[in-house]
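Chemist: Sequence:
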Amino acid sequence: MMIGLLEIDLFSEQFHSLKEKRRLLSSLKERLKHKFNIAVVESAYQDLWQQAQLSVVSLGPNRSILENTFKQIEDFIFLNYALQISKINIRYF
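With the working numbering applied, the sequence shown covers 1 to 93.
No lab work stands behind these hints, which were simulated from the structure alone.
Check the hints yourself; a few may be wrong.
Unchecked claim - Quick list of in silico lysine to aspartate or glutamate cross-link-like pairs, DMTMM-like style, CA-CA up to 25 angstroms:
no. : residue 1 : residue 2
1   : 19        : 42
2   : 71        : 42
3   : 87        : 7
4   : 29        : 13
5   : 33        : 20
6   : 87        : 13
7   : 19        : 9
8   : 33        : 67
9   : 87        : 30
10  : 29        : 74
11  : 87        : 67
12  : 29        : 75
Since the model is a prediction, treat every value here as computed from it, not as a measurement.
With the sequences and hints as input, model every part of the structure.
Modeler: Listed below in structure tokens is the structure:
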């Protein structure tokens, strides 16, 4: 069994307040949890209204399953939200 940690830095000019950012991120986190059966939190930039970092944790039997899940998460964010992915960091344990 492996644990995968995906850290995604996001940027958007559409946010005009922290309230707007939190509303969108709350929706995104809930959709990710239900679609991919993962744990997700906003892990950095909580006080910056145009940036966010999400940390996603998933368990899988091997690394390739986790890589596939993380790629699907990246694609889901790109296709469904007006957010730019500015940085991605993946670690396996």
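Chemist: Any hints from earlier that this structure breaks? Give me their numbers in increasing order, please.
Modeler: none
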